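Undergrad: Mind docking chain E on chain Y? Use the hints.
Chains Y and E are the protein sequences, given in the same order. Residue numbers are given in the working numbering: position 441 of the first sequence equals residue 441, and the series is strictly consecutive. Residue numbers are given in the working numbering: position 2 of the second sequence equals residue 2, and the series is strictly consecutive.
Careful: at least some of the hints might be erroneous.
Claimed, not checked - DEER-style ranges, computed between Cβ atoms:
hint : chain 1 : residue 1 : chain 2 : residue 2 : range
1    : Y       : Arg262    : E       : Ala412    : 28 to 34 Å
2    : E       : Glu405    : Y       : Ala244    : 38 to 44 Å
3    : E       : Thr218    : Y       : Ala272    : 48 to 54 Å
4    : Y       : Val268    : E       : Ala412    : 20 to 26 Å
5    : E       : Thr218    : Y       : Gly149    : 42 to 48 Å
6    : E       : Ala412    : Y       : Ala272    : 32 to 38 Å
7    : E       : Gly243    : Y       : Arg148    : 54 to 60 Å
8    : Y       : Glu110    : E       : Lys149    : 47 to 53 Å
9    : Y       : Gly538    : E       : Val136    : 56 to 62 Å
10   : Y       : Ala244    : E       : Gly361    : 44 to 50 Å
11   : E       : Val411    : Y       : Ala140    : 51 to 57 Å
12   : E       : Lys149    : Y       : Gln320    : 45 to 51 Å
Said to hold, decoys possible - Here are some chain Y residues pointing at chain E (derived, C-beta under 10 Å):
hint : residue
13   : Leu135
14   : Pro246
15   : Thr437
16   : Glu446
17   : Thr448
Since the hints were made in silico from the structure, they are not lab data. Values in this document were obtained by computation on a predicted structure and should not be read as measured data. No residue lacks a Cβ here, since even glycine has one placed at the ideal position from N, Cα and C.
Chain by chain, the residues run as shown.
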Amino acid sequence: MRQRLDLLRKAKAPDRSDSCIDLARRVRELRRVLGASHLQVAPSAPSATVAAASGTRVRRRLGGRPSREPLPALGVVLLNRLAYGPRPGDLEAFASLGGDDAARWQRWVEAQLHPATLADDDCDRRLAAAGFTTLGKSQAQLWQEHHRGNPEWWVRVQPLLEVERATFLRAVYSQRQLAEVLVEFWHDHFNIYAWDYIAAPTWAAFHRDAIRGHLLGNFRAMLGAVAKSPAMLVYLDNWSNHVAGPNENYARELFELHTLGRPGYLGVRRQAEVPRDALGRPVGYVDDDVYEATRCLTGWTFDEETGAMAFPPDWHDRFQKWVLGRYFPPNRGAAAEGEEVLDLLAFHPATARHIAWRLCRRLVADDPPQPLVEAAAAEFLAAARESDQLARVVRVIALSPYLYGCWGLKVKRPFEAAVSALRASGVELGFAADDETTDAFLWLFEATGHARFAWHPPDGYPDRQEAWLGTGSMVALWRLLNWLVSATDATDRPLLQAVPAGVPPTSAALADWWIQRIFARSMDADFRREIVAFLAQGRGEHIPLPVTTDEATEQRLRAMVGVLLMSPQFLWR
Amino acid sequence: MKSTRRQFVVGCSAAVAAMAGTRLSMAAFATEASAGDALVVVFLRGGMDGLSLLAPMDGPDRAHYVAARPTLALPAAGSQALLPLAPPFGLSPAAAELYPLYQDGRVAFVLACGLNHDTRSHFDAQEFMELGTPGVRSTATGWLTRHLKSTTPAGGPVLIPTLAVGGSQPASLRGDWGTVAMTSPDHFNLDTGPWRWRDAQRATLRRLCSGGGAAVFTAGNRALDAVDIVEAMLGEPGPPANGVQYPETEMGRQFRLIASLIKQDLGLRVATVDVGGWDTHVAQAWAPAEGWFPTLLGELSASLAALYQDLDGSQADALSRRLTVVVLSEFGRRVRENADRGTDHGHGNVMLLLGGNVVGGVHGRWPGLAPEQLYDGADLAITTDYRQVLAEVLVRRLGNPHLSEVFPGLVAYAPLGVVRGTDLPVD
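Chain Y with its partners taken away, still in its complex shape (with noise of 0.2 Å):
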C-alpha cells in the first residue's frame, strides 16, 4: 500500500496546467482501481475539489457520454501503451507476476527490458513457418545478392517485404512487446524511406544491426550504426557529400531530427552570438554548425563494390572547422571528424531533451508531461556512456504514473490498431512472402497511410492523434478491421474462430465474452446495450441464437465482432 500511495503522490504534478495529471480525477479513478478504502487523499490535495469529483457527479459525460474512459486495470494500460494490446492469456499472465500491481508493475516492465530472458518459441516457429530468407543475412551479403549486378526488381525489395512482414509477425506474436514497440518508435526516429534503390535490398540489415541492435543500448552507438548505412547515407544525400559540392541535407536533418531537435535551433545567427551553458557548451546550434558538420561529414560515404563505409581522402575537405563550440583542426579525415560530430551530438543536453521528449510523447501523452520528460532527458545525460543507456530512460518512463495517469491521452496509430486487433481476435495470419491473405491484408492496412517504411519525409509518421483521425485513415483503418472479422485462408477457412466453446450462444453472453476479449475490460453500460441489441435484432438477449447452423447468424457474430474493433473504445490508448 505505501507504493500504491507514493505513486499517487507522484502522480500528483506540480504543474496545473499540465493536462494529464487532473488530480481530483486521478484520485477518483486511481481509488475505483486500486481500492477506495485503503486509499487517503495526498495531504496536499484540495479536499474540496477531491470530494467534489468524487460525489454524485462520478463521471463528466457531455452529450450523454463519457467525455473519456475510465482508468482500466493496470495491466489493460501497460499491455495497450508498452506492448500492442493484450493476446488472450497476457492479463492472467501479468496478474501472476506478484501480488499486487506495484510489484507486477515493476517485473513486467524488467521482463521487457531484458528481452532475452523472455522465451519467445511460438514467435520463432512462425518467423521459421514463413521461410523468410534474407533476413540474417549480412550486409555485405545484402549487398552482393539483392543489389550488385543490378538484379531484378522484386530481388531488389525482397529483403524489405521479408522486414515488413517480419515486423508485422512479431509486433503480434512475440512476447517481447516492448522491443517491438522500441522497434516502431526508433524507425520513426531515424526514417528512411525504404521503398528504394539501396534502402530495400539493404533493409534487412538495416532493420536488425543498426535498430534492433541498440534499442535497449547506447544512443550513441545507435547514432553511429544509422550513420554509417548505406540506407541514410542515401536516403539523406551524403553519400554524394565531396569537398566539391557539399550536400548539407543529412548534417541539418542530424542536428534537427537526429540529436539536438527543433528546439536547439536557434536559427540564422552567428556561432559567436549562442549562449553558453555552466560546461561553456552551446545551448543550441546555427546554421554555421550544420555548414561546419557538412564539411566534416564531406567524403563520409560508402564504398560500391561493398557497400561497407568508405572514407576517399580527396572527397573531404581537409581544413580546419568550428562545430558546437569545438574546435577541429586541419588534416584529421572523414573519419575522425564525423565520429567527432556525432559524439558531440548525442552528449548534448538537448539532444538528451529531444529524444526524451519524443519517447514520453509515444509512450505517454502527444504533450507528455514536462515533469516526466525532464525526468527521462536527466536519466538519458546520466547514463550517456552506459550500455544499456536507452533501457535506464526507458525504465523511468515505464514505470512512471503518468505512463498509468495518463490512459486514453493518446489513439492508437493504424499499425498498432491493426495489431492489437490481430492479438485481441485472435485472427491467425501467416505473414509469409507469398501469402496471399497476408497480401490482401496489407492492400488494406497501406490505405491507413502508415504502410511500412513508406514515410517519405525524414520526420517520421506523425505521432499526434490529428494525423490519424482524418476521414480518409478512419476509413481506411475501418475497412481494415471490418475485413479481419470475415477474411479466410487459402483453404478457405475462416481466420476468425466465431464461437468460443463453453459460451451460451445467446446474444448477451455472446457480447460480453467478445467485449472482455477485443477490449479486455468492460464498456459503457449504453455501448454495451448497442452490442446486445446488434447480435439479438429484437429477439430476447437471453434466447440461444443459431450461431453454428444458420449462416445469416454466424456472419452476424462477424459482424457484431467487426463493430467491437471499429468501435471509439478499441482506440484508446
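TA: Frame of chain Y; chain E shown alone:
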C-alpha cells in the same frame, strides 16, 4: 423557416445512417448561392514532362527540341502532329480531349512555371510547393489550409468544404482536419465486412460514436458522415450532364465525384486530386499517342474535359463559371532525353488552368531551349513563380486577398491575366 440544403445535410447525417438503405434526397431543399469558385487542384506526382504536353512546333527552339529528343519529340506534321496553340506552340495529340475547350477559350497554359528553389528532389519540391514556402519544410500548414483559414465561406456551415482524392491528404492541406480524404471513392465505405449486416453495422457504429467530447468520437462521427455523403452522392448518381462520359477508370470516377459534390452544393471550396505515375525515367512513350505517358495524359485530359462539360451550361449561373482547375507538378523534366527513351528530373514546367473564367491561351514568358538558356545547362528555366499563378486565382477567383498569409515570402502580387476577376487590395 426554410432549410437550406446544407443545413439539412448538416443536421441529418445521423438520421441518414438510421434510414439504412435510403439515399439522401435533396430535391426539396433550396439551393443557396455560394460565393467564390470551387477550386480543383490537380497535382501530377513524379514530375510531369511538360515538353511532352506542350512543345514548340517551329522557330529556333523546334530544332533544339528535336535535337535533344531524337525519339520523344512530338512531330509538327503528319497524322500524329502537335495541335496548334498560340504560335509557336502545339499541344500533344494525347491531350486532344482538351483541344476543343482550348479553342473555346476555357484552357490556359502558363509557360516555364515552377518552384524557384534549387532542388531536383521529388520530396523537397512537392513539399515546398504544397506548403507554399519554398525552402522551408517545417511549415505547419499547407497553402490551401491557409487559404481556407484566411477566408470565411459565404452561406454558413458546409458539409464537405475540402475533398482530397487520389492519395493521402496532401501537404497543401496539412493542418486541415475538416478534409474528407480518400484514395478513391470506390473504396470509401465499410463494405469489407459480412455483407448482410453492413447497414446494421453502420447504424450501431454510429451510435457508438455519438456524443462524447473525446476526439475519437468526433472523428468517428465525421468519418461516418463522410461515408454517408459520398455514398449518397455516388450511390445512384444521375447521368452526367451534356452526354458527358468520364473515363471508366479510378481517375475518371474521382473527377466525377468532384462534379457530383459541386452539383449537390455541399459547400465544396477546395478539392485536390493526386495523380501519380509521371516519373518517366524509362520508356516514356513509343509514339505521340502511344505508351505510358500518352496514355496517362489522355486519361487526364478526358477526365478534365468531362469535369468541365459535366458542369457546363448556357445559363449565366452554369456551374462551370464557378469552376477553376489548376494542374501542376513538382518540376518539369530534363530537356535532353536519356538512353532509355525516358527523361530525368528537370526544373521549369507548364501549368494548366481550366474553367469558366479562365482566360484561354498561352501565358507567361518562354525562356528558350538553346543550351545557354537552360537552367543548370540542362533544364527549362523558370520565368514564373508558380505561386504567382495561384495568387492570381486566390485574389480574382476566390476573393482572398490575404496573400502574405497564404504565401509568406511572395514578394509582390503580379497577375499574368490567366483568370478573370477583380484585383482586390492584397495584404
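Undergrad: Does each hint hold? Answer for all of them.
TA: Consistency of the hints with the structure:
no., hint, verdict
1, Y/Arg262 with E/Ala412: 28 to 34 Å, "holds, 31 Å"
2, E/Glu405 with Y/Ala244: 38 to 44 Å, "holds, 41 Å"
3, E/Thr218 with Y/Ala272: 48 to 54 Å, "holds, 50 Å"
4, Y/Val268 with E/Ala412: 20 to 26 Å, "holds, 23 Å"
5, E/Thr218 with Y/Gly149: 42 to 48 Å, "violated, 54 Å"
6, E/Ala412 with Y/Ala272: 32 to 38 Å, "holds, 36 Å"
7, E/Gly243 with Y/Arg148: 54 to 60 Å, "holds, 57 Å"
8, Y/Glu110 with E/Lys149: 47 to 53 Å, "holds, 49 Å"
9, Y/Gly538 with E/Val136: 56 to 62 Å, "holds, 59 Å"
10, Y/Ala244 with E/Gly361: 44 to 50 Å, "holds, 45 Å"
11, E/Val411 with Y/Ala140: 51 to 57 Å, "holds, 52 Å"
12, E/Lys149 with Y/Gln320: 45 to 51 Å, "holds, 48 Å"
13, Leu135, "violated, 28 Å"
14, Pro246, "violated, 13 Å"
15, Thr437, "violated, 13 Å"
16, Glu446, "holds, 9 Å"
17, Thr448, "holds, 9 Å"
Hint compliance for this structure: hints 5, 13, 14 and 15 are not met, and every other hint is.
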